[in-house]
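**Q** The lines below spell out each chain.
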Amino acid sequence: MKFITVLTWLTFILLFSGCESEEIVNVELVYEEYTVVQAELIPGKYFPGVRFTRTLPLGVPYNIKDAEIKNITAYLRINGVQVIPLIYTADGLYKPKYDFYIDEGDTYELFAEHGEKYIYSITIIPLKPEVTSTNYDGNDYHLYADVNAKIDEVYAALWMVSVGNAIRAETFHSVASSDDQNSTVRVRTSPIPEEFLSGIYSGNRRIQVYALDKSFKNYFYTRNSGQQINDPFIQGTGGAVEWNVQGDKVIGLFIGVTPGDIIEVF
Amino acid sequence: MKKIIKKIFEISRIISIVFVLHCCIDDNILPPLTGKLNPTAELLVYFETIGDFANSELAPALIDAEEVYANINNYLIIDVRDNSDFMAGHIEGAVNVQNDSLYSYIKNLNQNLYPKVVLVSSNGHRSAYYVCLLRLSGFNNIYTLNFGMAAWNINFADEWLNALKNDSARISFNNNYYPKGEFTNLPEIIFENPTASLQERVEKRIESFIKTGFTKVNQYRSRFYFFSNDFLVCYGKSRLYRSPISAAVDPGRGHAAGTIHYADEQFFELRAVQYLQTLPADRAILIYGYNGQLSACMTAYLRVLGYDAISLEFGANQIFYNRMLDDPELYAYAFDHTDIKNFPYVIGN
Numbered sequence: 001m002k003f004i005t006v007l008t009w010l011t012f013i014l015l016f017s018g019c020e021s022e023e024i025v026n027v028e029l030v031y032e033e034y035t036v037v038q039a040e041l042i043p044g045k046y047f048p049g050v051r052f053t054r055t056l057p058l059g060v061p062y063n064i065k066d067a068e069i070k071n072i073t074a075y076l077r078i079n080g081v082q083v084i085p086l087i088y089t090a091d092g093l094y095k096p097k098y099d100f101y102i103d104e105g106d107t108y109e110l111f112a113e114h115g116e117k118y119i120y121s122i123t124i125i126p127l128k129p130e131v132t133s134t135n136y137d138g139n140d141y142h143l144y145a146d147v148n149a150k151i152d153e154v155y156a157a158l159w160m161v162s163v164g165n166a167i168r169a170e171t172f173h174s175v176a177s178s179d180d181q182n183s184t185v186r187v188r189t190s191p192i193p194e195e196f197l198s199g200i201y202s203g204n205r206r207i208q209v210y211a212l213d214k215s216f217k218n219y220f221y222t223r224n225s226g227q228q229i230n231d232p233f234i235q236g237t238g239g240a241v242e243w244n245v246q247g248d249k250v251i252g253l254f255i256g257v258t259p260g261d262i263i264e265v266f
Numbered sequence: 001m002k003k004i005i006k007k008i009f010e011i012s013r014i015i016s017i018v019f020v021l022h023c024c025i026d027d028n029i030l031p032p033l034t035g036k037l038n039p040t041a042e043l044l045v046y047f048e049t050i051g052d053f054a055n056s057e058l059a060p061a062l063i064d065a066e067e068v069y070a071n072i073n074n075y076l077i078i079d080v081r082d083n084s085d086f087m088a089g090h091i092e093g094a095v096n097v098q099n100d101s102l103y104s105y106i107k108n109l110n111q112n113l114y115p116k117v118v119l120v121s122s123n124g125h126r127s128a129y130y131v132c133l134l135r136l137s138g139f140n141n142i143y144t145l146n147f148g149m150a151a152w153n154i155n156f157a158d159e160w161l162n163a164l165k166n167d168s169a170r171i172s173f174n175n176n177y178y179p180k181g182e183f184t185n186l187p188e189i190i191f192e193n194p195t196a197s198l199q200e201r202v203e204k205r206i207e208s209f210i211k212t213g214f215t216k217v218n219q220y221r222s223r224f225y226f227f228s229n230d231f232l233v234c235y236g237k238s239r240l241y242r243s244p245i246s247a248a249v250d251p252g253r254g255h256a257a258g259t260i261h262y263a264d265e266q267f268f269e270l271r272a273v274q275y276l277q278t279l280p281a282d283r284a285i286l287i288y289g290y291n292g293q294l295s296a297c298m299t300a301y302l303r304v305l306g307y308d309a310i311s312l313e314f315g316a317n318q319i320f321y322n323r324m325l326d327d328p329e330l331y332a333y334a335f336d337h338t339d340i341k342n343f344p345y346v347i348g349n
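Just so you know, the protein sequences line up as chains A and B, in that order. With the first letter of the first sequence counted as 1, position 173 gets the number 173 in my numbering; the numbers rise by one all the way through. With the first letter of the second sequence counted as 1, position 273 gets the number 273 in my numbering; the numbers rise by one all the way through.
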């Protein structure tokens, strides 16, 4: 009996150590090819197409001709019914043969197949964000807006100054969301650079709020951690990033974005 | 005491098993997404990738008898009529190929040898149907003889001439606009060779449709009549659908009640991006056009997609011929004696 107990223990120790060995971190990055999917759907504009590219090994200079994927079968499905074929054009971009407009509130699904790989994504085009108030924070010179939030959407904002040509922030500062339907969330811009606070720009401040499909939140924070979709980092393994495109070794964002009105902030 | 120690050992062993199993399961990896694309959607992707012939200005790829006659030694002329009809008279140099071998004949053809390949049928409907199927399969050099052998010589024009009618009892006809329905799912189809490449699957499907033969209705009254249970489609210009009220010949008598119009111009309303999916997948769809050739082509397109579509031979020429002659926008699609060229033909092989 003792012998059996000892033998059992030995077996488990061996098993245990075997499993543990799989957990050893290999500092050398192992290249795995990922399919990268990108599309931004803006209501009132033509559907711009979906870009399918592949990740490249670290150290290989990024070149769209190397990264693009040409042999994908892909189509959209609108509101669960209408099928729109997508056709390869150039640089991995798959577009509809005939232009069509994106509509607010509609649901767009992406279906694609690449070899044995199946790709799927879904996004709902947000309604135009309802801004209830705006203001200027003089502490770090940013603008903010209060927005009536919907649970399937997140919100972000850009500052803008305009004297002749409009100058605007290039990136969102943060995204805001709410788990409660019809509650109000506050969304802010990045600080306005000092050169746009005085002189001809003085008092000329505007904010534009964007409503985005909620999956943007995940994308935004991973991207801000150095994982930009066009960044060569993606040429590595891609990690455990979950955006809103499903599939085996697939990463990407297929997302509805609805810009709000440009509002002057006093 | 021994019993307690033994129990502790047992419990710790169970915990160990659970722990070991737990650590062996890789909880980082989500199961890969599995699924298949919709076969009908794949067909649409294929058709649009190679040009979407059916929904373009090229359809139904008509070629006039004069051009064929002028190029009789350069063009390959394929007569798709029954052998007995072929023997009774055909264009010189034409080869008689039946529908069951037509696809393989075209596929094995060195098309570079011929500037154009022309399909010929009795009245232009069957050949338009096959041409559309072949074009959907990627053969871009195939044309259909406009009005078929009827345009070649008066001796083959009886069917066409007898079809030209004005249906005086069009009681249910009106000029009302019947709106298109809600979008519905595409028909469900099954490829014969599901593991093959998309191109191979499409080719196989088209070949089987050519082998099955042309699906038509030759008499308007047989099904395109009032209170039909079928889904009635008028495919063409808006003038084909709604008659100008001021026309003395046919005032306000546009189409049968319930007929829905799909335009063949500007946006080509049977494109996937337009209103294709407002067609029902579970009802027979009866299509009439100007003279039956374009509707034959669209029938081919829709049947391959899984719709139960049927074309009306001779089209509006057998419903309101006078209106066709009278309307300057429709006149070009009307068949009359000026379309019969009386070119020579040969009898026998």
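FYI, nobody ran anything at the bench for these hints, they're computed from the structure. A few of these clues could be false.
Stated by the list, open to error - Here are some chain A residues the structure puts well away from chain B; computed CB gaps all over 10 Å:
1. Thr73
2. Asn79
3. Val81
4. Gln82
5. Leu86
6. Ala112
7. Glu130
Unchecked claim - From the structure, some residues in chain A lie toward chain B, with a derived Cβ separation under 10 Å:
8. Ile84
9. Ile87
10. Ala90
11. Lys97
12. Glu113
13. Tyr118
14. Gly138
15. Tyr141
16. Lys217
17. Phe220
Ideal Cβ positions, reconstructed from N, Cα and C, are used throughout, including at glycine.
**Q** Now, for every hint given, state plainly whether the structure supports it.
**A** Verification of the supplied hints:
no. : hint   : verdict
1   : Thr73  : violated, 6 Å
2   : Asn79  : violated, 7 Å
3   : Val81  : violated, 4 Å
4   : Gln82  : violated, 5 Å
5   : Leu86  : violated, 7 Å
6   : Ala112 : violated, 8 Å
7   : Glu130 : holds, 29 Å
8   : Ile84  : holds, 6 Å
9   : Ile87  : holds, 5 Å
10  : Ala90  : violated, 14 Å
11  : Lys97  : holds, 4 Å
12  : Glu113 : holds, 5 Å
13  : Tyr118 : holds, 5 Å
14  : Gly138 : violated, 46 Å
15  : Tyr141 : violated, 42 Å
16  : Lys217 : violated, 19 Å
17  : Phe220 : violated, 21 Å
When held up to the earlier numbered hints, the structure conflicts with 1, 2, 3, 4, 5, 6, 10, 14, 15, 16 and 17 and fits the remainder.
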